[in-house]
Structure formats: structure tokens, C-alpha cells
Amino acid sequence: MSDEILVKTEHLKKYFPVRKSGGGKAFVKAVDDVTLEIGRGETVGLVGESGSGKTTIAKMILGLLPPTENTIYIDGKNVWDRKNTKEIRKKVGAVFQDPASSLNPRSTVYRSLERPLLINGCSKGEAETLIRETAAKVNLGKELLERFPYELSGGQQQRVSIARAIMLRPRLLVLDEPTSALDVSVQAQTLNELLNLQQEYGMSYLFITHNLSVVRYMSDRICVMYGGKVMESGKMADVYENCVHPYTFGLMSSVPPLHPRQRDRKKYLLTGDMPSLIDAPEGCRFCTRCKFRQPVCESQEPAMKDMGDGHFAACHFAGEIEF
Amino acid sequence: MKEKLKAIAKNRMFLVGFLLFFTVVVVAIFAPYIAPHTYDEQNLAMKLAAPSAEYPFGTDQYGRCIFSRVIFGSRIALNVGLTAVIIETLIGVTLGILAGYYGKAVDKVILFVTDATWSIPPIVLAMAIVLMLGPSSQNVAISIAVVSWAQFTKIVRAKVQSLKNLSYIEAARIYGESDTNIILRYILPNLTSTIVILATLALPSAILSTTSMGFLGLGAQQPQPDWGMILSEGIKYIGKAPWISIVPGLAIVWTVLGFNLAGEGVKELLDPRLKV
Amino acid sequence: MEEKVLDVKNLSIDFHTSRGCVKAVDRVSFDVKRGEVFALVGESGCGKSTTAMGIMQLIRSPGIISGGEVVFGGRDLLKLSREEMTGVRGRDIGMIFQNPLDSLNPVYTIGAQMTEGLLVEKMDKKQAWQVARDMLRDVKISDVEQRMKSFPHEISGGMRQRVMIGMMLCRNPKLLIADEPTTALDVTIQAGIIELMNELRRKFNSAVLIITHDFGIVADIADRVGVMYAGNLIETADVMTIFDRPRHPYTRLLMKALPTITKDEGRLETIKGTVPNLAEERPGCNFADRCPYAMQKCREQKPEWKECEPGHFCACFLEEGGTARE
Numbered sequence: 001m002s003d004e005i006l007v008k009t010e011h012l013k014k015y016f017p018v019r020k021s022g023g024g025k026a027f028v029k030a031v032d033d034v035t036l037e038i039g040r041g042e043t044v045g046l047v048g049e050s051g052s053g054k055t056t057i058a059k060m061i062l063g064l065l066p067p068t069e070n071t072i073y074i075d076g077k078n079v080w081d082r083k084n085t086k087e088i089r090k091k092v093g094a095v096f097q098d099p100a101s102s103l104n105p106r107s108t109v110y111r112s113l114e115r116p117l118l119i120n121g122c123s124k125g126e127a128e129t130l131i132r133e134t135a136a137k138v139n140l141g142k143e144l145l146e147r148f149p150y151e152l153s154g155g156q157q158q159r160v161s162i163a164r165a166i167m168l169r170p171r172l173l174v175l176d177e178p179t180s181a182l183d184v185s186v187q188a189q190t191l192n193e194l195l196n197l198q199q200e201y202g203m204s205y206l207f208i209t210h211n212l213s214v215v216r217y218m219s220d221r222i223c224v225m226y227g228g229k230v231m232e233s234g235k236m237a238d239v240y241e242n243c244v245h246p247y248t249f250g251l252m253s254s255v256p257p258l259h260p261r262q263r264d265r266k267k268y269l270l271t272g273d274m275p276s277l278i279d280a281p282e283g284c285r286f287c288t289r290c291k292f293r294q295p296v297c298e299s300q301e302p303a304m305k306d307m308g309d310g311h312f313a314a315c316h317f318a319g320e321i322e323f
Numbered sequence: 001m002k003e004k005l006k007a008i009a010k011n012r013m014f015l016v017g018f019l020l021f022f023t024v025v026v027v028a029i030f031a032p033y034i035a036p037h038t039y040d041e042q043n044l045a046m047k048l049a050a051p052s053a054e055y056p057f058g059t060d061q062y063g064r065c066i067f068s069r070v071i072f073g074s075r076i077a078l079n080v081g082l083t084a085v086i087i088e089t090l091i092g093v094t095l096g097i098l099a100g101y102y103g104k105a106v107d108k109v110i111l112f113v114t115d116a117t118w119s120i121p122p123i124v125l126a127m128a129i130v131l132m133l134g135p136s137s138q139n140v141a142i143s144i145a146v147v148s149w150a151q152f153t154k155i156v157r158a159k160v161q162s163l164k165n166l167s168y169i170e171a172a173r174i175y176g177e178s179d180t181n182i183i184l185r186y187i188l189p190n191l192t193s194t195i196v197i198l199a200t201l202a203l204p205s206a207i208l209s210t211t212s213m214g215f216l217g218l219g220a221q222q223p224q225p226d227w228g229m230i231l232s233e234g235i236k237y238i239g240k241a242p243w244i245s246i247v248p249g250l251a252i253v254w255t256v257l258g259f260n261l262a263g264e265g266v267k268e269l270l271d272p273r274l275k276v
Numbered sequence: 001m002e003e004k005v006l007d008v009k010n011l012s013i014d015f016h017t018s019r020g021c022v023k024a025v026d027r028v029s030f031d032v033k034r035g036e037v038f039a040l041v042g043e044s045g046c047g048k049s050t051t052a053m054g055i056m057q058l059i060r061s062p063g064i065i066s067g068g069e070v071v072f073g074g075r076d077l078l079k080l081s082r083e084e085m086t087g088v089r090g091r092d093i094g095m096i097f098q099n100p101l102d103s104l105n106p107v108y109t110i111g112a113q114m115t116e117g118l119l120v121e122k123m124d125k126k127q128a129w130q131v132a133r134d135m136l137r138d139v140k141i142s143d144v145e146q147r148m149k150s151f152p153h154e155i156s157g158g159m160r161q162r163v164m165i166g167m168m169l170c171r172n173p174k175l176l177i178a179d180e181p182t183t184a185l186d187v188t189i190q191a192g193i194i195e196l197m198n199e200l201r202r203k204f205n206s207a208v209l210i211i212t213h214d215f216g217i218v219a220d221i222a223d224r225v226g227v228m229y230a231g232n233l234i235e236t237a238d239v240m241t242i243f244d245r246p247r248h249p250y251t252r253l254l255m256k257a258l259p260t261i262t263k264d265e266g267r268l269e270t271i272k273g274t275v276p277n278l279a280e281e282r283p284g285c286n287f288a289d290r291c292p293y294a295m296q297k298c299r300e301q302k303p304e305w306k307e308c309e310p311g312h313f314c315a316c317f318l319e320e321g322g323t324a325r326e
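Chains as they are written, first to last, in the numbering used here: chain A, 1 to 323; chain B, 1 to 276; chain C, 1 to 326.
Do not take every clue at face value.
[Stated by the list, open to error] So these bits of chain B aren't anywhere near chain A, every CB distance computed over 10 angstroms: (1) Lys6; (2) Ala7; (3) Ile29; (4) Tyr102; (5) Val124; (6) Gln138; (7) Gln221; (8) Leu257; (9) Glu264.
[As the list claims (entries may be wrong)] Partial selection, computed: residues in chain B whose CB lies under 10 angstroms from chain A: (10) Tyr168; (11) Tyr175; (12) Gly176; (13) Tyr186.
These are computed hints drawn from the structure, not numbers from a lab.
Quantities reported herein were computed from a predicted structural model and do not represent experimental measurements.
By construction, the Cβ of each residue, glycine as well, lies at the ideal position given by its N, Cα and C atoms.
All chains should be built: construct the whole structure from the sequences, respecting the hints.
The following block contains the structure:
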């Protein structure tokens, strides 16, 4: 793994305006002050519950949703600077959760794979060579190229999406829950394929999921989000084995074990629901569900604490709490 | 598709619909060969004659053959109806796509115009437009289109709103498709079945509106054989020669019923949500 | 503990489509004992939900139950009249589904819906409300008084599923069927629901049949497990055995496909090929085409459902020789 940084963003914010019931405007702070870096060839896992802001971050990186404040740099180029648009779109690709809606139902697989190439200046002939090569890489049989999406299984559809995403040989692949709609055996196959592709092309992955076992298998580093903010981030093994944020611990002990022997593991179940992100409270976003809460948590927002070796946590008491 | 076709072939109602529909189309195309007389041939000796071998459905006050006039009238009904539907589809679908795709201010303006159009009684608005442009079958087509595009806009807009958030559209935007391309290559092809369904269902009501306008004397003018006009003129002689009004009336029912049933059949065939 | 609450014997459910007869559930046999959680697990399309619907007799056309018995409380449910079955549903067998919002009526309050079933049983209104309140407390809902007056859309997804569970348990059913009860929920909410179900089954000692695709849930709550593949039940055993010593090649491969490792430790096992088309009649085992141990015999005959060790059933020819090659 190289230390060179591919994707960099600091204090990224996305606020959505909403109308208050009594009149006047308020903001949903969907992503609030997120700092994130992805190294070349590295996989960063972005985990959290629904509404934690994972997908919003992905959309901003992919150029689909403009940030409210600050921006994202890929290879040193500002994603949200118009003059970089052409260059950036060759550097990023994305695979989404639902395989069925990821492909145009009216296009054959071949046409779906061809479009990104034609738009970005490939001739028909060059496109064909590339399509054949890429299809082989993701184990997509030749006979499938002339089929329509509805004639494919979910796993095959997802492989087509992956092929389309890597068509332009991007540097960064954003994977938004790519396997949550797939069965276990197909999931394993898809994950393995993604790992092989990464090795071959040296791509960086931003792997978004709520499935902690999958993220553990895939990632080098993980970043745990809650209520639009990063709660804890660091090397996968550090966060897994020595998490210091109560939310990370709660999330991890909520995940069902993959063996019945772990049934009696130490559990810290989170109660209640995520609070509304409209006019979020001043203190720690997590304090309403945290059983280690102190008065300071309600009044003061915790800063990112450096726990050493690239391990950060946003908790006043990080490292002091015994779980 | 094949399975659905089979299932629809088994449904008597749709079959009757398609049968009625095809007779009207065939009659309109081959009118000169079917009709015993031309639509404007007068026989003043045979004014208001009862049905006979020569005039199967009798004659009107000028001695014109009602059967022939009604046969030729199918051309006007289909022509005006079809023109109206084509114009309203073009207006409605374009506005619907723009509103649904671009959202925000564009959506607000289009939605306001749509709602405003919808809130005026259609027949009143159509009459006003024809009176402004002058009565003719062409202007009837325009007026019908102007009053009835709104439903296309509403439905297409909703459909586009759900389509534009699908992952394949987002993926297309990521690899650099322009808005125009997204609309033409990704959204429009996925709207075709919706549009065809809407258009087939709009056709019978457009025909009905055509005949209503004819009835009010705003459509095609004499000696053109407009069904609505023939019907309204016959009213004066309803005691002496009821066939003048009854025959075009039946023709209208035949056509509208046939098109409605056939339209339901087409909808059943194309709508993926409906399982037969 | 040994009392069988539900005994499904050779249940078969066919769907007659224009492409042929699909054997969605093919001679499935298992039982659920009192106080036990039995998990029916398998990938999408394997027939697990159809089996549950078959037990409840909620199979819709073009599906029909083509054979077998569903013995519950000494009676074969398949022989009951429609009215008798309506009496069994809700009272003797409760069922909760994946999406609780679809199962709750949006125009009635939680309280009204919880007491409805009790009032049918001629309980007086005051008493029914008291039972409902106690039940909401049992399913760990705070502000019970307030919640009784809330409408389903006013409470969160996790709370709705708790209400559903409470509503089902109100009438003290002998069996609770839960079809993917937590699939639509976030993990932290899911954990709470599983914890709750674990607690309640101890308290009420009723039998639970869970339908799921998630092996994590199986590991967390099941006592015994049935693994389904392409309409067949291929293996049943207690949960430890299924995870530690699975016998059927499909179960074994699935266990190795679960992401329990990191990428530095190795690669996950995959299963080659795809699920067969169930509309085609095949003489052999449904898994034969994908099975790394498939023999000639596997393609010619269906393996029998056999007890390979006490309490461990499996349908595979490898078991007949007594040893399975690794």
C-alpha cells in the first residue's frame, strides 16, 4: 500500500434546506464537517446506520451532489471545479446497491458497457476490444453481452455494473452497498472479484456498507459515521479490536455473530433511534443514545482525538471508557 | 409478451374492442369503396326518405345518403381525434419530462400552468379557442389538444421523477452523459409504454370531443359529414326521420366503445405491473 | 421440551405457470418443538417463505399445496376448512413479516389494533387494554400510555416491529412464525429485536419459526436450523452442528462463503454455477450441478432424507457411505 493520497477532503459539509412546520428555514446537516483521505490502492470502509450520511458523501465525491462547504480533491484536482469535470469522470466509477435498477432495462449489456467509452472519446473498434477484455475480467460470459438486464441473475447484473464502472479504468471505485442485495454465495464471489480487480488495476475503493463482516473482509481502514459525522476512524484491525468510541462498540456488538459460540459475547446494545438531524444539538451527536454520557457531552462537541497510528475518535472520553 | 398476448386473446371484452376498432379503421380507409354514394351527393327528390335498398339508412333534408355520410364521417372523426392526440402527446410529454427531470423552478412553473389548464372546464375552453380561430376540423383538433395535454404532463412528470433517481441514470451521469442524452437515451425509451398507453386511452375521449364540437357547429362545416353535426341537424327532424340522428349516434358509440376497450387491452399488454 | 408444536411432513407446494410446474417446495419435513427457535435458512428463491406461507395456508394462485401434512396441535392444518383455519391464524399461530408498516393498519391506533384480537375472544374492553399495556411493556416500549394512542406512522420502524411482536404474543400463540423480521431494520435496531425475541421466548415458552437469509441471525438466536436449497430441505441439525460440522456440501460451502475473515487471511469460498430452473424436471439432486463432490448417482436419483446421526438429518448420497470426503 502506498502512502500517497488519492482522495482528500477536509471539513466537508452538506446541509439540505427544509421548511419548518412553523415557517422559516432549517437545515438537515446530512454531512457535517467530515475529513477523509483515501490512499492509492487502499480500501476505506465507510460504515454506519441508515441516515448517517454515507451515501451523501459518496454522491459528493462522484460529482452528483454539490457540497455546501469545502470540496473534494481527487489526484489533487478539485472535483467541483468545472474545468476538471472531463478528467475527473475518467477517474471515478461507482457500483450501487440494487443490481436491477443499475442497468438501463432498454439496453443490451453490450450497449450499457459501450456508452461510457463512446462518450469519453473511444472509437467503436477500441470499445469492442475493451469490452471483451473487461467482460472476461469480471467473468461475464460472451453470450451474456447481447442479453437484456432482465434476462440476467442478480449476481450477473452486479457484475455488469462493476464492468461498466471500471470501463474507463478509474483510480477510485465507490461501492455503495454493492452486495447487500445478493445472496451469501454470490456475495462471496462478487467480493473476491472486486479484490482481484483491485490487485490488477491498483484502484482505491470507498466501500460503503452497514455490513461489518463484509467491511472487515474488504477494508484496510474504516471510518465509522453517525449522524453526519465521523465517530471513529483508523486501521481496520485497530478499530475492530480496540475501538474506543462507544458508538463503534455499540454498532459492533449489535452485529449478529457468524458463529453461535459468540452468542454470549459482551454486548452493549444501543437503545432508541438516531435523533433528527434538523438543527442538531450542540454537543456530541451520539450523546442521546450513549450510556457513558457526561454533562460535557451535551454541551460541547468532542474534537477528534488522536489515539496514535492513524486511529482517531470523536469522543471526550476516548480511551478512558472500559467497555 | 407472448404469454400476455395469449391471455388477452382469451379475453372476450378485449376481442370485441379490437373488432370494433378494426372495423372503424377499415371503414375509414376504404370509405369510397364501401359507401354507395359520395357524402355530398344530393337527391332532392328523395328528401328525408326512409331506409331503402338504395339508401340503407335513409336520407337527410337534402336527400343525401346518411349511410354514406356516416361512412365518410369516420375519416373526420379519426383524423381529428388522432391529430388532437398527437399534438397533446407532444405538448404533454415534453412538459412532463422537463418538469420531472429538472425539478425546482422549471417544475413549479410547468405545474402551475398544468393546474391552471386543468381548472378550466375543458369544453368551455375548447369552444373559446375554436371561436377565436374560426370553426374548422383542424382548429377543433388544436383546441382539443390544448385542453387535454395536462394529464400527460402529470403522469409523465411523476414517472420521470421516479426514473431519474434510478442507479443507471446516476451511473450515466458519473461517466459523463449530458442532460439531453440522459433524457433522449435513458428516460424517453423507458417512457414509451407509458406514452402509448396514455395515447390509446386519450384517443376515444378526443373523438368524443370532436363530435361534441361538431354537434355545436364548431367543427367541420357543411357539406363535410361530421358525425356530431349530422346528429345535431337530425334533431330538427327527429319525429319524421329519426334515422338521421340515430345512425351517427350509433357510429359514435361503436367507435368510442371500441377504442376504449381496445385501449384497455393495449394497457394490459404494455403495463409491466399488470399481470394477466 | 420434546413436545412437537408443529410437525411438517413431506410438504410440497407447486406453482403452475405457463412454463411448466415449478416445485417451489418439494417434500419438506421438519418439526418445531415447544420453547425452541427453529430457523429455516436459505438463499432467495429457495422456498423458505413459501414453506411458511404453506403452513399458514396463505398460498395464492397459481400455487397449490400438492401434498404432505402440517400437524399442529394434533390436527392436520391442510384438512381444516377455511373458517377453522382463520381461527388458527392469529390465535394459535402468530406471524410477523419483514415490513411492519404493511402489517399494521394506518388508520387505527396501536391500542385499538392490539386489543382487537382480544375483543374477538370476548375479553372485556378494560381488561383487553390492560393486557395490551402489559404486553407493550414486555416488548420494551417506553411511554406505553402515549404509544397506545399513537398511529403506526408516528413510531419508528423498530418500534413497529416490537408492536407487531407484542400484538402477536397478546393472544399467547403456541407458535410464532417470523418471516425476515429484521431485514428492513438497521443493525442496532435489529440487535434489540433479537434480544427481545430471545427474552420473550424464555418467558412465554412458545415455539418460534424464523425464516431468514442471514446466518448471523441464525447464529444469534436459533436452537435448530433447517437449510433449504432450490425447494428442498437439505439438512437440519442443532445450530452448533450446522456451523461446526455441516454434512451437506451446500451447507459446508455456504459456511465458508460467510465473510468471517479479512482479505489478508485468505479468500472466501464460492459456489460455482447458479440455482437450477425449478420448472425443469430433473432426476437427480438439485445441487448436483454445482456440487464439487457430485457423483454419477447424484445426477440420476434424488438423495433420501436420512438421519445421519441423532437429530441430524441430511439429504445427500455422501452420507450413505458414512464418510464424506473433504
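Q. Which of the listed hints are not met by the structure?
A. Hints that this structure does not satisfy do not exist here, as all of them hold.
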